[in-house]
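With the working numbering, the residue at position 93 of the sequence shown is 191, and numbering never jumps.
Everything labelled a hint here was simulated from the structure, so no lab data went into it.
One thing to keep in mind: the hints can contain errors.
[As the list claims (entries may be wrong)] Straight-line C-alpha distance at most 25 Å; calculated SDA-like pairs for lysine to any residue: (1) Lys174 / Thr121; (2) Lys159 / Leu147; (3) Lys199 / Ala113; (4) Lys149 / Arg225; (5) Lys174 / Ile148; (6) Lys199 / Gln218; (7) Lys174 / Leu163; (8) Lys209 / Leu147; (9) Lys149 / Ala113; (10) Lys118 / Pro150.
None of these values were measured; they are calculated from a predicted model.
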Amino acid sequence: MTPNTGRRQQSLSLADAIAKVCTAAKTIELRENVKPHERNRIKEAFEMLIKPLAPDAMDGKKKDLEYDQLLRRLNKSGDAQLVMVCIVGLGRSALLSLREKVKLHLAEEMKSCRDKWDTQTIQSVARECWTEGHITPFIANHKSDKNSFLKYGFAY
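When you get a sec, could you build the whole thing from the sequences and use the hints?
Structure below.
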């Protein structure tokens with residue numbers, strides 16, 4: 099047996115990444131919450147989404163810029179719920195280690211299993227994480243959730 103030291107972790111395929119994210123969504127659904135360390139990672143990701151993208155401020159931080167762009171792509175495609183389940187299911191390191199092709203297609207391909215990660219429970223947990231410490235309202239991009247956000251008093 100040879101030790102793994104110095105070897106880079108293999109990148110996930112698109113199918114494997116989707117499976118991990120869907121498994122995380124199911125876990126959140128069953129738990130009806132996220133663990134404290136997951137909540138912290140989610141809040142950090144949401145904080146990046148709230149702040150305007152400033153590439154000049156990230157000079158020398160290619161990974162931060164790449165992560166920021168990936169989070170924005172996920173948010174644009176599937177709102178905060180998709181960002182949250184990707185953070186829990188994959189984490190920052192795995193997201194960054196994905197091949198470019200997988201990064202480019204992940205958000206779009208996740209739409210095919212939207213029923214697994216865009217549930218009332220996951221929306222509620224995402225809303226909690228989003229609003230903890232933030233004034234910015236939690237807003238959904240797709241019209242199907244308009245009424246659920248209005249009933250909680252959030253602007254649409």
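Now the hints, each set against the structure:
1. Lys174 / Thr121: 22 Å, holds
2. Lys159 / Leu147: 17 Å, holds
3. Lys199 / Ala113: Given pair Lys199, Ala113 holds - Cα atoms ~12 Å apart, limit 25 Å.
4. Lys149 / Arg225: 17 Å, holds
5. Lys174 / Ile148: This hinted pair holds, its Cα atoms lying about 13 Å apart.
6. Lys199 / Gln218: 31 Å, violated
7. Lys174 / Leu163: 16 Å, holds
8. Lys209 / Leu147: 20 Å, holds
9. Lys149 / Ala113: Between Lys149 and Ala113 the Cα gap is close to 31 Å, so the pair fails against 25 Å, i.e. violated.
10. Lys118 / Pro150: 29 Å, violated
The structure fails hints 6, 9 and 10 (numbered hints given earlier, in ascending order).
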